[in-house]
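All chains should be modelled from the sequences, with the hints used to inform the complete structure.
The chain contents come next:
2 protein chains.
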Amino acid sequence: MEQDFVVGVDIGGQTTKIGIVDRKGNVVSEPHVIRSDKHTDEYLFFDDLIQAIDKLIAETNTGGKIKGVGIGAPNGNYYDGTIEHAPNLTWGGRKTIKVAEILSEKTGFPVTLTNDANAAAVGEMTYGAAIGMKNFIMITLGTGVGSGIVINGQVVYGHDGFAGELGHTTAVRYNGRQCNCGRVGCLEAYASAIGLARTAKEFMESHVDRDEYNQRSPLRDINGPITSKDVYMAAIQGDKLSQKVFDYTGMKLGESLADFVAFSAPQAIILFGGLAKAGDLIKKPTEQSMNENMLSIWKDKVAVIFSKLPESDAAILGASALAW
Amino acid sequence: MEQDFVVGVDIGGQTTKIGIVDRKGNVVSEPHVIRSDKHTDEYLFFDDLIQAIDKLIAETNTGGKIKGVGIGAPNGNYYDGTIEHAPNLTWGGRKTIKVAEILSEKTGFPVTLTNDANAAAVGEMTYGAAIGMKNFIMITLGTGVGSGIVINGQVVYGHDGFAGELGHTTAVRYNGRQCNCGRVGCLEAYASAIGLARTAKEFMESHVDRDEYNQRSPLRDINGPITSKDVYMAAIQGDKLSQKVFDYTGMKLGESLADFVAFSAPQAIILFGGLAKAGDLIKKPTEQSMNENMLSIWKDKVAVIFSKLPESDAAILGASALAW
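Chains as they are written, first to last, in our numbering: chain L, 1 to 324; chain X, 1 to 324.
Because the hints were derived from the structure by calculation, they are not lab data. Errors might be hidden in some of the hints.
Because identical chains share one entry, a pair is satisfied inside a single copy or across any pair of copies.
[Claimed, not checked] Below are the DSSO-like pairs computed for lysine-lysine, each with C-alpha atoms no more than 30 Å apart in a straight line: (1) Lys134 to Lys38; (2) Lys65 to Lys283; (3) Lys299 to Lys95; (4) Lys284 to Lys95; (5) Lys24 to Lys229; (6) Lys134 to Lys95; (7) Lys299 to Lys98; (8) Lys106 to Lys134; (9) Lys284 to Lys67; (10) Lys283 to Lys229; (11) Lys55 to Lys284; (12) Lys301 to Lys95; (13) Lys301 to Lys98; (14) Lys301 to Lys244; (15) Lys299 to Lys244; (16) Lys134 to Lys24; (17) Lys284 to Lys38.
Shown next, in the form of structure tokens:
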């Protein structure tokens with residue numbers, strides 16, 4: 001029987017998405033998501049994951065036709081098939097987990113693994129906004145900030161397989177925000193969904209009653225922690241404070257992008273993930289800040305574009321592509 | 001007659017070095033240097049350069065045996081053979097100069113050109129400290145700060161040929177020093193020979209009579225502008241202020257290197273150029289700062305090493321290698 005399908009797995013800090021993908025890049029299974037943050041023991045998570053994979057194979061009647069499993073995961077190492085010291089995973093911190101080896105043993109399938117953002121970049125190159133591009137940088141703006149760097153048509157893995165951790169380059173050198181990774185001032189602490197919500201909180205605290213725009217922000221009427229989605233909803237409804245939060249986030253992101261351009265001189269920056277759904281609210285200040293901060297040789301020459309893959313499938317498609 | 005020699009040309013902000021190189025990587029001509037900063041018109045500089053090349057060919061009796069000319073130059077574009085908007089060249093600012101085309105016409109030789117730091121990286125890979133390395137970053141600490149990035153054994157040129165301008169990534173985001181490129185806070189404004197001298201000046205001004213180490217710095221007895229060499233000489237003779245200047249320079253460089261590692265996860269950082277001659281004075285604080293600022297996955301795993309090519313020949317050898 002021909003092996004005409006692969007399994008794509010996108011492990012995120014909060015949830016893990018799983019899909020069965022055919023040779024043409026169609027996700028043939030129904031959308032399926034499990035929690036990533038339910039366990040502190042990786043084996044319990046693997047049990048949930050394998051159960052989900054088995055269920056999808058049964059539902060799609062692809063038993064015996066699966067060629068392999070491709071996984072995108074934070075701190076995923078392409079060379080070793082491991083997840084190492086992933087600060088955003090409840091079961092991933094401070095150790096090396098042999099994901100590919102363990103899952104391969106348990107499922108009988110070959111398992112290939114990479115950084116979730118690298119996987120998204122592969123998906124973008126194969127089916128999305130980067131078709132035909134040889135040099136681009138994919139920035140994933142989700143719970144964290146990830147990146148997949150493509151140079152000469154190849155994903156950059158580096159000497160050890162961990163290259164492309166642009167979310168953990170320094171956005172603010174001194175007195176920066178604490179990052180999940182234990183360091184301070186990382187881009188991720190500013191340009192992630194969590195970073196954006198944090199900016200909103202800071203902006204609200206610095207304007208106690210009414211804000212400087214003489215407009216009471218609807219964010220003040222939200223019970224409990226403010227999310228990036230709350231800020232987005234308020235911003236599109238005209239809330240000046242929320243719009244300013246996006247401006248600030250884009251400014252920080254653009255400053256960092258200007259430095260990334262000096263490294264690999266890409267044709268384009270591709271924005272992907274939750275915050276990218278904010279459209280021009282995030283793109284315009286990002287683009288402006290990037291151009292203001294770049295060497296003159298690159299000004300207005302590097303495109304900032306959005307992913308062209310459906311958000312829920314991009315990482316799955318990318319991860320799955322590794323398995324062919 | 002066989003074409004057994006190439007011409008290597010290393011264009012720097014102040015001087016240009018020229019050499020005739022054989023197939024084994026020996027510079028067979030006597031050391032030859034011309035000024036780069038004598039003219040504001042590129043054609044006058046080209047005349048000086050061609051005269052020098054002709055002289056060396058005559059002296060080495062290699063007429064008719066020259067295969068081509070390889071050039072390393074600031075803002076040199078490998079794809080187009082041009083120098084574009086080079087802020088450190090008296091004749092290079094704010095325009096695109098078709099160096100390869102013009103020189104090829106005038107000399108009759110094929111001319112290939114790249115960034116001077118990229119050329120040095122090629123030289124290092126072929127004859128020096130990076131033999132066998134597939135992923136490394138060469139940092140040139142001269143008048144400016146340049147870089148040659150090698151990933152998967154290939155020099156990174158990027159979409160437009162200008163990749164690897166790490167001297168113009170941001171070392172200090174706000175209230176940073178003015179850089180030659182017109183922007184502020186660039187690494188080059190801190191970690192170049194000129195940046196180091198500037199740090200010395202600042203440190204002296206902040207301690208009006210005696211410095212905080214209760215020791216009068218010999219730098220105070222120097223007439224005229226202090227050079228990086230003055231600081232080096234004072235530092236090795238025990239001057240605490242000068243040593244502190246190297247510590248500060250290494251700290252800034254290490255902070256930036258930590259971010260570069262997050263990009264391409266190299267096996268090693270290779271230091272090259274004038275400041276690298278200061279040895280441990282610059283290497284130790286650089287290494288310490290880099291390790292303090294990196295993600296835990298890279299701590300103590302990325303080597304900081306010195307170039308193994310003689311400084312005067314590295315860029316010539318690298319540039320010449322392009323011409324084979």
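- Task: Run the structure past the numbered hints and jot down the numbers of the failing ones, going up.
- Result: 1, 2, 5, 8, 9, 11 and 17
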